[in-house]
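Undergrad: Chains as they are written, first to last, in this note's numbering: chain U, 1 to 324; chain H, 1 to 324; chain D, 1 to 324.
Keep in mind that the hints were calculated from the coordinates and are not lab data.
There's no promise every hint is true.
[Said to hold, decoys possible] Pairs of lysine-lysine residues, derived as DSS-like cross-links and limited to a Cα-Cα distance of at most 25 angstroms, are as follows: (1) K160/U to K265/U; (2) K46/H to K22/H; (3) K265/H to K236/H; (4) K224/D to K260/D; (5) K265/U to K236/U; (6) K46/H to K45/D; (7) K45/D to K46/U; (8) K224/U to K260/U; (9) K46/H to K46/U; (10) K160/H to K265/H; (11) K46/D to K46/U; (12) K265/U to K224/U; (13) K160/U to K201/U; (14) K265/D to K46/H; (15) K160/D to K265/D.
[To be verified] Simulated restraints on C-beta separations: (16) V215/D to G10/H: 58 to 64 angstroms; (17) V215/D to N62/U: 28 to 34 angstroms; (18) D31/H to R98/D: 40 to 46 angstroms; (19) Q127/D to P245/U: 34 to 40 angstroms.
Built from N, CA and C at the ideal position, the CB exists for glycine as well.
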Amino acid sequence: MSHNQLSANGHLQHFLSIEGLKRPLLTEIMDRAEQFSSISSQQVKKVPLLRGKTIVNLFFENSTRTRTTFELAAKRLSADVISLNINTSSASKGESLRDTLHNLEAMHCDMFVVRHSQSGAAEFIAQHVAPHVSVINAGDGCHAHPTQAMLDMFTIRRHKNHFPDLRVAIIGDILHSRVARSQIQALATLGVGEIRVIAPKTLLPSDCQTLGVHVYHDMEAGLKDVDVVITLRLQKERMAGALLPSAREYFQCYGLTEQKLSLAKPDAIVMHPGPINRGVEIASAVADGPQSVILEQVTHGIAVRMAIMSMALGSQAEHKEVLV
Amino acid sequence: MSHNQLSANGHLQHFLSIEGLKRPLLTEIMDRAEQFSSISSQQVKKVPLLRGKTIVNLFFENSTRTRTTFELAAKRLSADVISLNINTSSASKGESLRDTLHNLEAMHCDMFVVRHSQSGAAEFIAQHVAPHVSVINAGDGCHAHPTQAMLDMFTIRRHKNHFPDLRVAIIGDILHSRVARSQIQALATLGVGEIRVIAPKTLLPSDCQTLGVHVYHDMEAGLKDVDVVITLRLQKERMAGALLPSAREYFQCYGLTEQKLSLAKPDAIVMHPGPINRGVEIASAVADGPQSVILEQVTHGIAVRMAIMSMALGSQAEHKEVLV
Amino acid sequence: MSHNQLSANGHLQHFLSIEGLKRPLLTEIMDRAEQFSSISSQQVKKVPLLRGKTIVNLFFENSTRTRTTFELAAKRLSADVISLNINTSSASKGESLRDTLHNLEAMHCDMFVVRHSQSGAAEFIAQHVAPHVSVINAGDGCHAHPTQAMLDMFTIRRHKNHFPDLRVAIIGDILHSRVARSQIQALATLGVGEIRVIAPKTLLPSDCQTLGVHVYHDMEAGLKDVDVVITLRLQKERMAGALLPSAREYFQCYGLTEQKLSLAKPDAIVMHPGPINRGVEIASAVADGPQSVILEQVTHGIAVRMAIMSMALGSQAEHKEVLV
Numbered sequence: 001m002s003h004n005q006l007s008a009n010g011h012l013q014h015f016l017s018i019e020g021l022k023r024p025l026l027t028e029i030m031d032r033a034e035q036f037s038s039i040s041s042q043q044v045k046k047v048p049l050l051r052g053k054t055i056v057n058l059f060f061e062n063s064t065r066t067r068t069t070f071e072l073a074a075k076r077l078s079a080d081v082i083s084l085n086i087n088t089s090s091a092s093k094g095e096s097l098r099d100t101l102h103n104l105e106a107m108h109c110d111m112f113v114v115r116h117s118q119s120g121a122a123e124f125i126a127q128h129v130a131p132h133v134s135v136i137n138a139g140d141g142c143h144a145h146p147t148q149a150m151l152d153m154f155t156i157r158r159h160k161n162h163f164p165d166l167r168v169a170i171i172g173d174i175l176h177s178r179v180a181r182s183q184i185q186a187l188a189t190l191g192v193g194e195i196r197v198i199a200p201k202t203l204l205p206s207d208c209q210t211l212g213v214h215v216y217h218d219m220e221a222g223l224k225d226v227d228v229v230i231t232l233r234l235q236k237e238r239m240a241g242a243l244l245p246s247a248r249e250y251f252q253c254y255g256l257t258e259q260k261l262s263l264a265k266p267d268a269i270v271m272h273p274g275p276i277n278r279g280v281e282i283a284s285a286v287a288d289g290p291q292s293v294i295l296e297q298v299t300h301g302i303a304v305r306m307a308i309m310s311m312a313l314g315s316q317a318e319h320k321e322v323l324v
Numbered sequence: 001m002s003h004n005q006l007s008a009n010g011h012l013q014h015f016l017s018i019e020g021l022k023r024p025l026l027t028e029i030m031d032r033a034e035q036f037s038s039i040s041s042q043q044v045k046k047v048p049l050l051r052g053k054t055i056v057n058l059f060f061e062n063s064t065r066t067r068t069t070f071e072l073a074a075k076r077l078s079a080d081v082i083s084l085n086i087n088t089s090s091a092s093k094g095e096s097l098r099d100t101l102h103n104l105e106a107m108h109c110d111m112f113v114v115r116h117s118q119s120g121a122a123e124f125i126a127q128h129v130a131p132h133v134s135v136i137n138a139g140d141g142c143h144a145h146p147t148q149a150m151l152d153m154f155t156i157r158r159h160k161n162h163f164p165d166l167r168v169a170i171i172g173d174i175l176h177s178r179v180a181r182s183q184i185q186a187l188a189t190l191g192v193g194e195i196r197v198i199a200p201k202t203l204l205p206s207d208c209q210t211l212g213v214h215v216y217h218d219m220e221a222g223l224k225d226v227d228v229v230i231t232l233r234l235q236k237e238r239m240a241g242a243l244l245p246s247a248r249e250y251f252q253c254y255g256l257t258e259q260k261l262s263l264a265k266p267d268a269i270v271m272h273p274g275p276i277n278r279g280v281e282i283a284s285a286v287a288d289g290p291q292s293v294i295l296e297q298v299t300h301g302i303a304v305r306m307a308i309m310s311m312a313l314g315s316q317a318e319h320k321e322v323l324v
Numbered sequence: 001m002s003h004n005q006l007s008a009n010g011h012l013q014h015f016l017s018i019e020g021l022k023r024p025l026l027t028e029i030m031d032r033a034e035q036f037s038s039i040s041s042q043q044v045k046k047v048p049l050l051r052g053k054t055i056v057n058l059f060f061e062n063s064t065r066t067r068t069t070f071e072l073a074a075k076r077l078s079a080d081v082i083s084l085n086i087n088t089s090s091a092s093k094g095e096s097l098r099d100t101l102h103n104l105e106a107m108h109c110d111m112f113v114v115r116h117s118q119s120g121a122a123e124f125i126a127q128h129v130a131p132h133v134s135v136i137n138a139g140d141g142c143h144a145h146p147t148q149a150m151l152d153m154f155t156i157r158r159h160k161n162h163f164p165d166l167r168v169a170i171i172g173d174i175l176h177s178r179v180a181r182s183q184i185q186a187l188a189t190l191g192v193g194e195i196r197v198i199a200p201k202t203l204l205p206s207d208c209q210t211l212g213v214h215v216y217h218d219m220e221a222g223l224k225d226v227d228v229v230i231t232l233r234l235q236k237e238r239m240a241g242a243l244l245p246s247a248r249e250y251f252q253c254y255g256l257t258e259q260k261l262s263l264a265k266p267d268a269i270v271m272h273p274g275p276i277n278r279g280v281e282i283a284s285a286v287a288d289g290p291q292s293v294i295l296e297q298v299t300h301g302i303a304v305r306m307a308i309m310s311m312a313l314g315s316q317a318e319h320k321e322v323l324v
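Could you build all of it, start to finish, from the sequences and the hints given here?
TA: The structure is reproduced here in structure tokens:
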């Protein structure tokens, strides 16, 4: 049902959702990210791939961390970056969103990185931009956070060989998590053997069955023999409502401790999209422990976003010259 | 009465007002913008003309749109840009504006782009900066907005051949509009055949006669046979006072509809400095219609600002090498 | 007692405090700043020394002026700069400072420029960062402001030949001034002949004796025959407390006027870290007078920060190639 993210010649134009993307494309993103990954540890962490391109961070929802990773990725590709916090800008002058977008396009901006609290916002914007503009979804409501999912897949691939052999468990607030939704789609597309979700009934979406996941309400059963444990951030605002007891009770049932982690495979990796609530969804001993790859995820986030941005801006040709 | 904007050798040093500038200089700005215009549609939208120069956006009045166009223009000239929102900075530490300026000069900043709610602010600053610093007026009170006027002239020249043959009508709040004031001066300097203003009496300045314009209070008469129709933004705050009836009544009298536009020449172009109030000063059908060049204005705004910035920073010499 | 600022091979890794640094290192900083100083007056004020490096301004305390000088210094070294105002970012999502830092490190950021209202903050951060990250103290509480002290030393060296021959007087709120603390340490390390502080008893630290300075409560005696007069900014908030009478009374006793300055050597220079309170700690006639080097300090601030940043990022090797 998603807006077509591919251009007529089959290349990535927008990156809005994992839904509808085929396995070879996800693999291409990860392969290209692998190349960028080596750049990040060089003395000069910059490539001239997007020199002269203008990327606009359109953040309708504040997120320093995500904005920073996109800004760094863009700068390391040598693009010019403009960051607009839409709440405090032309919206206050009564200009419609569509007019704001058309103005930015008229300024020859090449890419909009969109973060919005409403599901579907990035797709709406992609439907209304000029053909030369790419839209990247940096998180829209409870809908999708596809660059996060891709950096997670990249991190898994770095540690585990073959997706079909894997058992992956996602723990926490599946219902409200755009991260979980995109992760499940990516894991399924990559052919992961078994996808499990572990959550209280109040934090599970009603369409769980159709997602092709196995549902667990119990950590002991759900973590048994998994290769990858993904913990989700618990939004504090959920605690205020009727959906959840206290943070302490949540931690007792669904917080990832060393003890519970011991039920997974001995070489299982632990992931989290950040920022973490220590002692709520994860114990510090696990977050900082030997199986945690949480900070690696942050590192890979730059390379994966560089890959997606450079693919969407169609720099296939130059890419080869620079990197090979 | 304006501060001398030209250096001893006749080159542009500051750009504060159209007043006092001669036709050849306005033409030179448009000619140079023409060159930059082709750059904006290239793959790499950047020239190294102002590499190593530091441009400071000094915005005492918030304007995301204008700040963004200046920032993009500066970055595409390869300058370094610092944006200071003066309300929230050293002003709060009780430092005088003059001290702030002297400090920025001491840091070897080369250009101040000034936006201020008080008329004369940019000129005041230009009078007090060191000789190596250029000041660009990005809008001061009700006084002037000369870069907007120049991008409007550039847009007109792109569509209409010969300024002396043209009839141009400006509609709306002439009294409070720094845009209108600068447009009228630019149109007059370029020798436009007939300049008309169309507005209710309450929104006309008392010195209309001395401006050399023909005054109309009626759209039907005023639009008759014009080549260019410029609509102005109606500041919502005017509606609160006694100057105006409701937005709906204003639209009925002075809003540009397809019907009223049909009185102009068939190939007349429609302009607006943005952001537009749809259904107040202009109907959506006109704003988005075939005669509208509103988004072109935004595009040309980058090229014209690149032209003015590079001329003011005296890069005539290098310019030739890079562009020819 | 300070955290070791030098790496194993004796190079500068962090720059947290003047305390513990040896004279040759301070001299090396000034020598290198001398080279950068000539760059700032060139047409192209940029060197590619830190190209591809990422520098993060971590400002927990707002300071447009200091942030701007670090940002300019970083950009003129061709580094990428990210500015984070920590109050309004992830802190609001409940992430701990340590997690924020680890995330920035994971994004391959190379340097943190830290400003914080609490003494010891920069040192705390330096103790917890990864080995590849450098920390620069841009002012922490009442503790230290070492880059300010170094630009002051550089300014003195530009005007006066031989530190041991000099008498330097620092006037004002020594007790709360991180600037004064760092200046005294730098002056002592460089072997200045006599360091005087002039202040009311309520604005002197109790450990004055151990600082190796001569204490004066009287301007007439304290200024007699000095070569350098350093005035400090009087924080307005001190006036509210019991420490001080009114600003007017303070000016009468400790404000630097032309008359009082005449007691110093005829070629004495007058310094101030800025922003100045005219008519409180210094008279306008002195601040703008022929002996004032206050704006020179601002200019040298860029060169000195470029020197420290490039030394801390270990670009000794490339440095030679570019500058020699």
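Undergrad: Does each hint hold? Answer for all of them.
TA: Here is how each hint holds up against the structure:
1. K160/U to K265/U: The hint holds at about 12 angstroms.
2. K46/H to K22/H: violated, 30 angstroms
3. K265/H to K236/H: With Cα atoms ~30 angstroms apart, K265/H and K236/H exceed 25 angstroms; violated.
4. K224/D to K260/D: holds, 9 angstroms
5. K265/U to K236/U: Measuring from Cα to Cα gives roughly 30 angstroms; hence the hint is violated.
6. K46/H to K45/D: holds, 18 angstroms
7. K45/D to K46/U: Answer holds: K45/D to K46/U is near 21 angstroms, not above 25 angstroms.
8. K224/U to K260/U: holds, 9 angstroms
9. K46/H to K46/U: holds, 17 angstroms
10. K160/H to K265/H: It holds: about 12 angstroms lies between the C-alpha atoms, which stays within 25 angstroms.
11. K46/D to K46/U: Status holds; Cα separation ~17 angstroms.
12. K265/U to K224/U: The given pair, whose Cα atoms are some 7 angstroms apart, holds under the 25 angstroms limit.
13. K160/U to K201/U: With Cα atoms ~30 angstroms apart, K160/U and K201/U exceed 25 angstroms; violated.
14. K265/D to K46/H: violated, 53 angstroms
15. K160/D to K265/D: holds, 12 angstroms
16. V215/D to G10/H: 58 to 64 angstroms: Once the Cβ atoms are compared, 60 angstroms apart, the range 58 to 64 angstroms for G10/H and V215/D holds.
17. V215/D to N62/U: 28 to 34 angstroms: Given a distance of about 50 angstroms, which is not inside 28 to 34 angstroms, the answer is violated.
18. D31/H to R98/D: 40 to 46 angstroms: About 57 angstroms separates the Cβ atoms of D31/H and R98/D, which means 40 to 46 angstroms is violated.
19. Q127/D to P245/U: 34 to 40 angstroms: holds, 38 angstroms
Violated hints for the displayed structure, listed by number in ascending order: 2, 3, 5, 13, 14, 17, 18.
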